[in-house]
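Q: Each chain, written out:
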Amino acid sequence: MTTLTNRIEHKSIFTIQNIISGIILLVGLVLTFLRFTRGLGTVSNLSNNQPWGFWIGFDLLTGVALAAGGYVTGAAVYIFGNEKYHSAVRPAVLTGFLGYAMVVFALLYDVGRPWRLPYPFFVSQGVTSVMFEVGACVALYLTVLFLEISPVGLEWLGLKKTRNLAVKLTVLLTILGVILSTLHQSSLGALFLIAPSKLHPLWYSNYLPVFFFISSITAGLSMVIFEGSLSQRAYGEKMDAKHLKEKDDVALGFGKAAAIVLFGYFAIKVVGIAAGNHWNLLFTPYGLWFQVEMIGFVMLPCFLYSIGVRDKNLKLIKFAAGLTVFGIVLNRLNISLIAFNYRLPLSERYFPHWMEIGISVFIVTIGISVYRFIVTKMPVFYEHPEFEDLH
Amino acid sequence: MSNSRRNFFKQVAAIGAGVAITKPAKATEEFPGYPDSYGILHDTSLCVGCRSCEAACNEVNQLPPPEKPFDDKSVLDKKRRTDDKAYTVVNRYKDRDGEKKPVYRKIQCNHCFEPACASACFVGAFTKTPLGPVIYDPSICVGCRYCIVACPFNVPAFEYDEPLHPRVMKCTMCYPRLLEGKLPGCVKACPVGALTFGKRKDLLSIARERIRKHPDRYIDHIYGEHEMGGTNWLYITGTPFEEVDLRMDLGVTPAPEFTYSALSAVPMVVGLWPVLLTGVYAINKRNQKMAKKEEEEAVLAAIDKTRKEEQAKTETALERAKKEQQKAIDIAVKKALEETSRSKDKEENE
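Protein sequences appear in the order of chains A and B.
Counting from 1, position 149 in the first sequence corresponds to residue 149 in our numbering; the numbering is continuous, with no gaps.
Counting from 1, position 166 in the second sequence corresponds to residue 166 in our numbering; the numbering is continuous, with no gaps.
Hints in this document: simulated from the structure, not taken from any laboratory.
Computed Cβ-Cβ distance ranges for the label pairs, DEER-style:
no.: 1; chain 1: A; residue 1: Gln-291; chain 2: B; residue 2: Ala-265; range: 28 to 36 Å
no.: 2; chain 1: A; residue 1: Pro-345; chain 2: B; residue 2: Pro-240; range: 13 to 21 Å
no.: 3; chain 1: A; residue 1: Ala-275; chain 2: B; residue 2: Asp-71; range: 50 to 58 Å
no.: 4; chain 1: A; residue 1: Phe-283; chain 2: B; residue 2: Glu-209; range: 46 to 54 Å
no.: 5; chain 1: A; residue 1: Pro-345; chain 2: B; residue 2: Lys-101; range: 21 to 29 Å
no.: 6; chain 1: A; residue 1: Tyr-342; chain 2: B; residue 2: Pro-138; range: 28 to 36 Å
no.: 7; chain 1: A; residue 1: Lys-315; chain 2: B; residue 2: Glu-310; range: 48 to 56 Å
no.: 8; chain 1: B; residue 1: Asp-71; chain 2: A; residue 2: Asn-49; range: 23 to 31 Å
no.: 9; chain 1: B; residue 1: Thr-278; chain 2: A; residue 2: Thr-284; range: 43 to 51 Å
no.: 10; chain 1: B; residue 1: Ala-282; chain 2: A; residue 2: Ala-275; range: 33 to 41 Å
If you're wondering where the values come from, they're calculated on a predicted model, not measured in any experiment.
No residue lacks a Cβ here, since even glycine has one placed at the ideal position from N, Cα and C.
Next up, chain A with everything else stripped away, as it sits in the complex (with noise of 0.2 Å):
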């Protein structure tokens, strides 16, 4: 018993948190080792009829959708000029930058053969595709989102002369980043319009680029409340007081601006089904399961939003925001597999395997691991000494 508390005295590196992650990251090994020795098949229930499952519906739509933290905070302090909301940023562009960065790492088991990923720029282009348009943006993204968080590293280095340089393209970089979260959001949802016989009309809609765009916006807006909570708990004392001091701003801001973008997608959402003139589909079964979405992921949170914010109520807040992110999950899922192929017999619909869930937990956690490491060591929650007033 003394022993254990000595251990944990002396900041052992046993910690629960760290055993678990330790055999998490080791099943995914073991996983990895599966899926590039026996093939898709032993790792997951991808099939014919279902060949995107869990890695392209969670992985991929949410992971990008979730990411949007970046682009959202960059332009609402950048270009919206918000400086209130600067402390915000640093934390928002990691998100981004590692929520990225863990998309194109599961991409790498989801797709037949990882290594030509770079085929579609550097060999063949098939410039007829949605999925060109999306592999473009996110490769040309994730080098914007590199750089836009390089200042970080290089602070953490002490390399002055890099970072000023970096530090002097963040409008460049702010704006690029918008224009290409733009183009591949949208695009995101664009995949599915190739296929209107095969998507739930009620979910399937011409204006399925600009849901998975406005969407974005409010999973960002959530995302960095949600976030700033959870961070707020584990590493708040990393936190200079600047950062304190503009937390409840920001939640206060963002769950407004939350509010307002959520209550114009659900109104796109109605102009969705009046364009299709779906409103018969409305009680059936899956017409309810789009009501529970829409009613309970989209309306709800709006609404206590709103309340929050008016009360200045920062518990509802940040629980509008995790309903909200939840949201965006239940949506993305339901475009990807619930809702897709919603004319197959039961027996040959799919259920992600336990493995794909593992491997996605797997990418997930090494993600976790890369933040702790970086908001530990490196100025993300506070500005360092050096360089304070070099905004």
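Given chain A's structure and the hints, the job is docking chain B onto it.
A: Just chain B, lined up with the frame of chain A:
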């Protein structure tokens, strides 16, 4: 000189207008298919479900041997689809009343005029050949499987058990054999003439002729003539198409058009967003600058005001001091004068 030049411009304008009129907008233009492309007509009223086509396909494409032999009819008890080991499968459909004979329908790639798979592929691994077949190049395929998502007929399949070199597998309409002047394997093997190979336009005439001659035997529709913009594989049947799993709700729009408008928005975003965002940035930057300037001016004005007030204060104080000094001097002088006069008086008195 100027006259002829005017004429020249007139002509150019006329040609331009002519081009504009004769060239319809992209969205309404229908690609009629390569004029002399080949196709296959599948007449389900003749098919007996012998699976000879499946066996031949397996052989000519050197696919792995099946679990159950091709003459085993029990395979037909279950509905199947194409997979990485079978480019084509025949399914049996029982008539609802059970009186009539069962109907068989063969599934394989329909070889669309404007294939969804080819449009969806981000490396262009699929090619629609002028002969008709849609062919696939495994040497550039990344294995993203978007083609499988895109195909409205659920045809392409993936080698999920191949860990490092999986391919997308689908019927090639025996493209290599066509180039050698041979018939596709399945057509050659069909013992009852349920499959007819030929120029697609000829197949359409044959199909129409059969429907005209036997209106009792066929539904008056050639599946594939317009579905998804037209396919090189055609079907006629006496059973409602939906009942042999040929969806009638796919429409006549070629698949690439579904993504056309979304993709055409890309250049607009690329063109307009930088202008818009830089504009917003510039406006906010200016507002900030103006606010700063106003603040500075206000500060300066405030400083100026206090300085002036101070000055005024000191001035009045100085004046008062001066006055007081003067007063003091006056009093002192007066006193001195008085004293001198008093002393003078004293001297005089003494």
